[in-house]
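Here the numbering used here is used: the first residue of the sequence shown is 787, the next is one more, and so on.
Since the hints were derived computationally from the structure, they do not count as laboratory data. Note that CB positions come from ideal geometry on N, CA and C, so glycine has one too. Each hint should be verified, as a subset may be incorrect.
[Said to hold, decoys possible] Simulated DEER-style distance windows between Cβ atoms:
id, residue 1, residue 2, range
1, E1055, N902, 37 to 45 Å
2, N839, K1024, 42 to 50 Å
3, K889, N1010, 50 to 58 Å
4, Y916, K889, 35 to 43 Å
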Amino acid sequence: MIKFSVLIPTYNNFDYLKLALKSIEENSSYQHEIILHINDGSDGTLDYAKKNNIKHTHSISNIGLCSAINMASEKATTNYILYVHDDMYLCQNWDKILEDEIKKFENDLFYLSGTNCDPKILNTSYNTGYTPKNFNPKNFEKYCLDKKNNDLQGSHWAPHLISKRLWSIVGGFSEEFNPGDGSDPDFCMKLWNNDVRIFKSLDKFKVFHFGSTTTRKKNVIKNNGTKKFLLKYGFNPKFFRKYYLRGGANSVYDGPLTDPEKTLIHLLELFINKIKIFFYKLSF
787 MIKFSVLIPT YNNFDYLKLA LKSIEENSSY QHEIILHIND GSDGTLDYAK KNNIKHTHSI
847 SNIGLCSAIN MASEKATTNY ILYVHDDMYL CQNWDKILED EIKKFENDLF YLSGTNCDPK
907 ILNTSYNTGY TPKNFNPKNF EKYCLDKKNN DLQGSHWAPH LISKRLWSIV GGFSEEFNPG
967 DGSDPDFCMK LWNNDVRIFK SLDKFKVFHF GSTTTRKKNV IKNNGTKKFL LKYGFNPKFF
1027 RKYYLRGGAN SVYDGPLTDP EKTLIHLLEL FINKIKIFFY KLSF
């Protein structure tokens, strides 16, 4: 039996958060450690966490997605960390799906993510609803049972799972990417630099993602994550996804990734990235 520390940052998103917590409570095979980071929490979130003895950290104001996750991670006591948005509903037996996958590997050099399900697409055939008040979990589970696709290559999105050991090695999320833009590819790049070559999206691990309601979407000034990533690594997130992760909607998982092949197009696009860096630095 493998248990997880489920990290959920939240910012006055109480109705969505309660549904996310309900999905973990009702759809898990085992009992897991749930840890919230509550930004503000004046909408009732903080009182709810205290009343129900839910592990949490708290900040009076919104400190950003990266700092929030890092604070919550300090309370994690299991060997695996699962990062989940507060506006996600996890499918039945999600943890057993992850456990079965973990047991396939000889070590912990992997990054596993779920399959985000778009409400607009699901509602055309399954009438799942668009808000916590009209969400229909039975219809969502019917969709999960009906819809079977391949696992995908090159995942870099939440919900994602890595070992706590890896989390500590890379230092969690890079807080210079607060409030969050660019933080996911940066996190994956740090994993890549620490020999992780398995970036796999599991089709069976489906989550209903309401979307546009997480901490980083709530009236915050967005950082230029693309620019920061470019200056940090020498190429932008798009280049990383294309040549390193080699992901995409039709990228079927076929095993561990290898270093990018240095083709003429690859070198040309890398050169274009270097030109952008030059002009960014020139503008300082």
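Do the hints match the structure? See the list:
1. E1055 to N902: 37 to 45 Å: Check failed, 27 Å falls outside 37 to 45 Å.
2. N839 to K1024: 42 to 50 Å: This hint holds: roughly 43 Å between Cβ atoms.
3. K889 to N1010: 50 to 58 Å: violated, 41 Å
4. Y916 to K889: 35 to 43 Å: Given range 35 to 43 Å: holds, Cβ gap about 36 Å.
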